[in-house]
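*Asks:* The chain contents come next:
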Amino acid sequence: MDLAAVLTFEILNGVATLVLISVGLAIIFGMMRVINLAHGEFLMLGGYAAIVATNHGVNIWVAMLLVAPLVVGVIGVIAERLIIRVLYGRMIDTLLATWGLSLFFIGIVTTIFGNTVAGIGAPLGSLGVGRYTISLYRLVLIGIAAAILAVIFVALRRTRLGLIARGTMENPNMAAALGVSPPRVYATTFGVGAALTGLAGGLLAPISGVLPTVGAAYVAKAFITVISGGTAILAGTAAASSLFGSINQLLTYFTTPVIGEAGLLAAAILLLRALPHGITGKLFRGSL
Amino acid sequence: MSGRRWWKGSILTTAAMVLIALGVPQVVDQFGLLQLTVFAAMCILALSLGFVWGYGGILCFGQSAFFGLGAYTYAVTAINLGESTVATLLALVVPAVFAALLGYFMFYGRLSDVYLGVITLSVTLIFFNLMNSTAGDAYRVGKARLNGFNGMPSLPTLNVPGDPGRLLDPAETFYLVMACLVIVYVGLHVLLASHFGRVVVAIRENEARCELLGYDVRLHKLLVFTIGGGIAGLAGCLFANWGAFVSPNVFSLTMTSQIIIWVIVGGLGTLLGPIIGCLIMQYLATALGTQQLANTSLVFGVIFLAFVLLVPRGIVPSLRRLALRA
Chain L
1 MDLAAVLTFE
11 ILNGVATLVL
21 ISVGLAIIFG
31 MMRVINLAHG
41 EFLMLGGYAA
51 IVATNHGVNI
61 WVAMLLVAPL
71 VVGVIGVIAE
81 RLIIRVLYGR
91 MIDTLLATWG
101 LSLFFIGIVT
111 TIFGNTVAGI
121 GAPLGSLGVG
131 RYTISLYRLV
141 LIGIAAAILA
151 VIFVALRRTR
161 LGLIARGTME
171 NPNMAAALGV
181 SPPRVYATTF
191 GVGAALTGLA
201 GGLLAPISGV
211 LPTVGAAYVA
221 KAFITVISGG
231 TAILAGTAAA
241 SSLFGSINQL
251 LTYFTTPVIG
261 EAGLLAAAIL
271 LLRALPHGIT
281 GKLFRGSL
Chain C
1 MSGRRWWKGS
11 ILTTAAMVLI
21 ALGVPQVVDQ
31 FGLLQLTVFA
41 AMCILALSLG
51 FVWGYGGILC
61 FGQSAFFGLG
71 AYTYAVTAIN
81 LGESTVATLL
91 ALVVPAVFAA
101 LLGYFMFYGR
111 LSDVYLGVIT
121 LSVTLIFFNL
131 MNSTAGDAYR
141 VGKARLNGFN
151 GMPSLPTLNV
161 PGDPGRLLDP
171 AETFYLVMAC
181 LVIVYVGLHV
191 LLASHFGRVV
201 VAIRENEARC
211 ELLGYDVRLH
221 KLLVFTIGGG
231 IAGLAGCLFA
241 NWGAFVSPNV
251 FSLTMTSQII
261 IWVIVGGLGT
271 LLGPIIGCLI
281 MQYLATALGT
291 QQLANTSLVF
301 GVIFLAFVLL
311 VPRGIVPSLR
321 RLALRA
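Residue numbers (our numbering), protein chains in the order written: chain L, 1 to 288; chain C, 1 to 326.
Some hints could be false.
Now the in silico label distances, taken between C-beta atoms and shown as ranges [stated by the list, open to error]:
id : chain 1 : residue 1 : chain 2 : residue 2 : range
1  : C       : Ser-318   : L       : Arg-166   : 37 to 47 Å
2  : C       : Gly-243   : L       : Leu-270   : 28 to 38 Å
3  : L       : Ile-259   : C       : Gly-142   : 12 to 22 Å
4  : L       : Asn-171   : C       : Asp-113   : 21 to 31 Å
5  : C       : Gly-32    : L       : Asn-171   : 38 to 48 Å
6  : L       : Gly-143   : C       : Leu-212   : 50 to 60 Å
7  : L       : Leu-275   : C       : Asn-206   : 47 to 57 Å
8  : C       : Asp-113   : L       : Phe-113   : 54 to 64 Å
9  : L       : Arg-184   : C       : Leu-101   : 43 to 53 Å
10 : L       : Leu-163   : C       : Asp-113   : 24 to 34 Å
11 : C       : Asn-80    : L       : Thr-8     : 37 to 47 Å
12 : L       : Ala-274   : C       : Ala-138   : 25 to 35 Å
13 : L       : Asp-93    : C       : Gly-82    : 42 to 52 Å
Hint data in this document are derived by calculation from the structure and do not stem from the laboratory. Beta carbons are placed, not taken as given, at the ideal position from N, Cα and C, and that holds for glycine.
All chains should be modelled from the sequences, with the hints used to inform the complete structure.
*Replies:* Rendered as structure tokens:
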């Protein structure tokens, strides 16, 4: 019974981590069709922002939940204005340019902070479940991941801003004719995606620590999740995260983390062979 | 590009490479020779991506997966057999087979360009994470310990086939690597001039039209991908040999982005471009590494961005256009 509870917790935790690291990418890719290869570095920057802020005496929750998304959101908007803007519609060039950006960020952070692991202690303690203990902070992460998905859903479905964003992605010319400025919508969307990524980076910093090249550890999983999710941003990300998170955690629990990682990838490749347009290309069509 | 000029250019390049191969060991010292050996091995890697991406139009961001797989295959086999001939062959075959397998899922799943790029990149990074976590005695293949992030040191280097006691000296290794480079370069040229090569380029230009003309697009792409994987594996084998060492860094993001940068800087759709790009960037990386002026990633990132935004064609095609206009 205890084991089942802990295992469920582990699985939920794996799913939540995947949701966190991929939701910003899903917004940027799903809405703008821009593949941001600097995604991992946005996570890394979020982590550093949270750590630096905490070390300067800012409350850890403020650092993770406010400073990290703000810093990375601003960086995202600047990157969009300077680089991505000129490459809209040229998907492969955007991909390459953001790759250059990713190297640039790695280089600059290495120059400033050095090639060492930085970290902060996870807040909150742990909770006893029978013979086992689980980290309370990880439990909070699960809640935050669920909350993020809910907020995005409401924002896209129910608010005027969400309607404008969806409309612009659907048909920029028509939106422009109706008085919306597509460039501004693009910049905002990219900024929001980057901010969410920064938030994830900040939240994961206490768990995994940060170093300049930490992005590589996340980016593959994030891309796999988003691509396997398919066209619907939220339903896709949630479905793919649940599937891969469970596979990864179960395999990790019963074998080793290495096999867990490999299993995740193998599952993704098999899934894309069967459903080339991702999960939401076939199931839950028309959802958000 | 007219056929005659194409051949003339490639014959000139081949002649230049042969001259370098024969002349260089007479003039440079041991250190320079070792440096040039690794440059040449990397040129082979650059050629593999130049072929797959520049001609096949396959956005492969994970060429280093095959490179690394070649390096590790060589390492494991050479340690187990104490002899390099079989190891070298396997270092070609294993990556090619893996490329075929991966390619089957991607091309027969009809994944689009961008997905292909992301999947290949992810595969590389997963390899990187996998190999990094193979530290400890539990992870061994026969006599070979994988050693995780510490890498596998003191590998047996190349020996004369059939005579494991007779190892190649640095000059001989250099000749061998240059010979491989020339063979790969000429081989790819001949392949591209063949019927198969023309279909491959046609698919790059217009996939739907080729399909309607009755060519099996998926099969052609799969073959290109497999050949590219094999060549990258060869490069990996030569690289592992050069330092008698292999570590998970062969799969790293830095490695895989370098290959992309070589091809972007040199120019897509040429075979000379990737070689030139590789030489320039390798020289730069070595210079930056020794002088510690600026972080290599930083400089490479800026160069990468600059080329994508300002010189998207790359050096060789841009120069060619200038020459044609003059």
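*Asks:* Determine for every hint whether it applies to the structure shown.
*Replies:* Cross-check of the supplied hints:
Taking 37 to 47 Å as the suggested C-beta distance range, the pair C/Ser-318 and L/Arg-166 conforms, at roughly 41 Å. With their beta carbons about 36 Å apart, C/Gly-243 and L/Leu-270 fall inside the hinted range of 28 to 38 Å. Between L/Ile-259 and C/Gly-142 the Cβ separation comes to about 20 Å, which falls inside the hinted range of 12 to 22 Å. A hinted range of 21 to 31 Å for the beta carbons of L/Asn-171 and C/Asp-113 is consistent with their spacing of about 24 Å.
For C/Gly-32 paired with L/Asn-171, a C-beta distance near 60 Å fails the hint of 38 to 48 Å. For L/Gly-143 paired with C/Leu-212, a C-beta distance near 54 Å keeps the hint of 50 to 60 Å intact. Our hint of 47 to 57 Å for L/Leu-275 and C/Asn-206 is violated, since their Cβ atoms are close to 27 Å apart. For the pair C/Asp-113 and L/Phe-113, the supplied restraint of 54 to 64 Å is violated, since their beta-carbon distance comes to about 35 Å.
At roughly 46 Å, the beta-carbon separation of L/Arg-184 and C/Leu-101 lies within the given 43 to 53 Å, and the hint holds. Distance hint for L/Leu-163 and C/Asp-113: a CB-CB separation of about 31 Å, consistent with the stated range 24 to 34 Å. Between C/Asn-80 and L/Thr-8 the beta carbon distance is about 44 Å. The supplied range of 37 to 47 Å therefore holds. In this structure the hint that L/Ala-274 and C/Ala-138 lie 25 to 35 Å apart at CB holds, the actual value being about 34 Å.
Between L/Asp-93 and C/Gly-82 the Cβ separation comes to about 49 Å, which falls inside the hinted range of 42 to 52 Å.
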